[in-house]
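Chemist: Please model the entire structure based on the sequences and the hints provided.
Residue strings, one per chain:
Number of protein chains: 2
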Amino acid sequence: MSETIQIKRVPVGVSARHIHLTQEHVEILFGAGAKLTEFKPLSQPGQFAANEMVAIFGPKGSFPKVRILGPTRKATQLEISRTDAFALGLQPPLRESGNIEGTPGIRIVGSAGEVTVDKGVIVAARHIHFNTSDAARWGIADKQLLKVRVGGDRGVVFEQVLARVSDQFALDMHIDTDEGNAANVCTGDFGEIVE
Amino acid sequence: MSETIQIKRVPVGVSARHIHLTQEHVEILFGAGAKLTEFKPLSQPGQFAANEMVAIFGPKGSFPKVRILGPTRKATQLEISRTDAFALGLQPPLRESGNIEGTPGIRIVGSAGEVTVDKGVIVAARHIHFNTSDAARWGIADKQLLKVRVGGDRGVVFEQVLARVSDQFALDMHIDTDEGNAANVCTGDFGEIVE
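Protein sequence lines correspond, in order, to chains A and B.
Going by my numbering, the first residue of the first sequence is number 27, and it counts up by one from there.
Going by my numbering, the first residue of the second sequence is number 27, and it counts up by one from there.
Simulated from the structure, these hints should not be mistaken for lab results.
For clarity, every value in this text was computed on a predicted model and none was experimentally measured.
Treat each hint with caution, since some may be false.
Pairs count within a copy or across copies, as identical chains cannot be separated in the list.
Computed cross-link-like contacts, SDA-like style, restricted to lysine to any residue with a CA-CA straight-line distance of at most 25 Å [unchecked claim]:
#, residue 1, residue 2
1, Lys100, Ile33
2, Lys173, Glu218
3, Lys169, Glu53
4, Lys86, Glu140
5, Lys169, Phe195
6, Lys173, Glu64
7, Lys34, Met79
8, Lys66, Phe112
9, Lys173, Ala60
10, Lys145, Asp179
11, Lys66, Ala113
12, Lys34, Asp179
13, Lys86, Cys212
14, Lys145, Ser123
15, Lys173, Asn77
16, Lys86, Asn210
17, Lys145, Ile166
18, Lys91, Gly115
19, Lys86, Thr213
20, Lys34, Gly131
21, Lys34, Gln186
22, Lys100, Gly39
23, Lys61, Arg175
24, Lys86, Arg121
25, Lys145, Ala42
26, Lys61, Asp215
Modeler: Structure, rendered in structure tokens:
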């Protein structure tokens, strides 16, 4: 009897700092009736990088051009690296997207106005989007924590990689710029689920 | 018969961007006869962070205050993270300290003058300094590549961690700020050699 070794190969996407906005905040920042417009599509179906950008201001530093990702969401959320957090003077927790209770707020400035939110800044927990079919084939459950090897001359095994399973998802692993730089990987490289 | 499991625990030091200078460059930057003065000692015997700092200028960006580490060396060498490299507009290779052939140069400005070197910018390969006694006890050879687990909620196994063994060294693992941020570890935390 022989066992087939299954290589679980996953494309890697390195996320630079970005922000998700509510429609209400889009209109405060860009004017009444304003809508996000698509700059380019992202790996997840229906998601896009918008043409619109905002400036963000923390207690210690700022970033003049932060990309907005669309479509709009139920809550405004800024996702930054720990390197960015030091530059802004914030100490955001490591969180799954959408879980923003108790996180720091931030001042956001658009071309037509500004808004200061009292929460919403996170360092995003690394995760893999699995389509339901990928997850079934590989025996992976939603919320499972995985280990994923990436990188060449700076190889890293990322632990605590959160599996997120949905029939709306396309297979993709999301890490931030600190994680990408630590492993010398870029968007378009591949990782392998090792456990 | 039983085998003792040996836990190989190593203190972690997260290195921010820094520069090593030749005595000749110290005098160009800070004046004839100038010497580096000690701000605080580092983990390796005889090494120190200097009070003196320089500004560095890349093709795209600059850093106004880069710490000099002493004592002076035979070659000037700037060690930066990949995040820093993007900000400066440079593409330095991943290198062991001292191996600077074919690396990018950089403009360095001090309080009394400036110098532009034609090589010396590296992203330092992660490594562990072992005292000869630590290496002997754990069966580790100079130049061996190790795997080291660090971090809590953002656990990472760093592969290709270079062992450097000398009776002049104190046990310490050196990673850069991208690697520290990717694993949520700070100087004073510990890693464990797992392979």
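Chemist: Hints numbered earlier in the text: which of these fail when held up against the supplied structure?
Modeler: Structure breaks hints 1, 3, 6, 7, 9, 15, 17, 20, 23 and 26.
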